[in-house]
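Protein chains: 2
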Amino acid sequence: MLDRDHHTFTPIGVVRSPYQEKFAIPRQPGLAMVDATIELTPLYADPAAVEGLEQFSHLWVIFVFHAVDAQRLGEWRPQVRPPRLGGNEKLGVFATRSTHRPNPIGLSVVELLRIDTNEGVKLHIRGADLLDGTPVLDIKPYLPYADAIENARAGFAPSAPARLQVRWCSEALAAARTYSATLQQVVEEVLSFDPRPAYQDDPARIYGVLLAGCNVRFRIDESGAEIVDVTSVGDAAC
Amino acid sequence: MLDRDHHTFTPIGVVRSPYQEKFAIPRQPGLAMVDATIELTPLYADPAAVEGLEQFSHLWVIFVFHAVDAQRLGEWRPQVRPPRLGGNEKLGVFATRSTHRPNPIGLSVVELLRIDTNEGVKLHIRGADLLDGTPVLDIKPYLPYADAIENARAGFAPSAPARLQVRWCSEALAAARTYSATLQQVVEEVLSFDPRPAYQDDPARIYGVLLAGCNVRFRIDESGAEIVDVTSVGDAAC
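Protein chains in written order, with my numbering: chain A, 10 to 247; chain B, 10 to 247.
Incorrect hints may appear among the rest.
You can't tell identical chains apart in this list, so a pair holds if it fits in one copy or across any two.
Stated by the list, open to error - Calculated cross-link-like contacts (lysine to aspartate or glutamate; reagent style EDC-like; alpha-carbon spacing at most 16 Å):
#1 31 to 203
#2 99 to 60
#3 99 to 63
#4 99 to 55
Calculated from the structure, these hints are not laboratory results.
Use the sequences and the hints to build the structure in full.
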């Protein structure tokens, strides 16, 4: 499996999350308080393998950016345009957390809520920025004495992005509440981080995003985000 | 390259460090203030790819535990014995940072000292716990607002391990100083973290470790570590 030129890994788990498309996923973990699950794959779903993990409040998830356009994987580009810089300025790919990188490996710290070993092994997590279906390569405990560097200097992204106010059209809110008990909170968390591409600023434009089995339509103007419509996708309640 | 069952990655860089064997490498990054280098491999050694990284004081290195016994890679074991627990207690592999894990992927945060783009691309780093020759899969900036979780709870490893006093036999110190200007500091940093296996406590036993091209022999008793001998390996000055 190991040689000098390439390294092959098999996922040890898969993410189940409300994020059903890349659009609108917050650009770092820990921003939107959205719950998700990591299900260990059958080969690794041994409760012994997570024994002691409950002693940790947070864990690292090392995963694959599996939804990156496969055609773009072959051609590596040394620079990207981070949304935090308005989408105009280019930076080296290794100076960013862009998903478009030579090896499409992601890294996120998430809060560990609880571990369910009743049927397989499921880690219930909070704050993930992980697309539904994400293959997980590794899970490690978060060690604050090694990992928490408070005084680190962080160039163009020194602090969390500002948040938007979120308001609902009354019919959209009523619909969301009929679909699921948690949808309102998920939608508000996600839209507060302004998912629009950096170069778009049209207050009349209606965006749609698939979240937790629902198609959520919204627009954003200077006063914040407004959810105009929520519909369930297919037969399933979202 | 991407399918459901496995993911293959090509290293983007390689580590050059004084750690020439696994023995005595501190068990987390940021403990021993030892300098190392990441050299981007020729395909990725484009200065444009690291533009902007100099704005960050720290970076994540995602790497391969390449020296893990290849024979042990096929057989995954759900539990390991962390040295922090004295080597007696078993814990789930995903609750530890053990190198013996289903996917031998490592994660370390290191300080970025400077970037050298005169000939290829070299990142000078400090605090690495990385074996010389380690294949690097990815480099990402450290974002304190997302990555620094000060109040995280960390079960069996809540704080950095205690450090030993380090003293030298005078001839060993004289030898070290003739070999290199930095060897003394490297040796003191490394041995202060007590590299002995958890179950060994024989004050008469002499250990040897290959560090920065030198064979360093030492013993450890209740008063600390004592370096008894330093010899250069081969012709090269260490």
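(request) Starting from the hint list further up, note which numbers the structure goes against and sort them upward. (result) none
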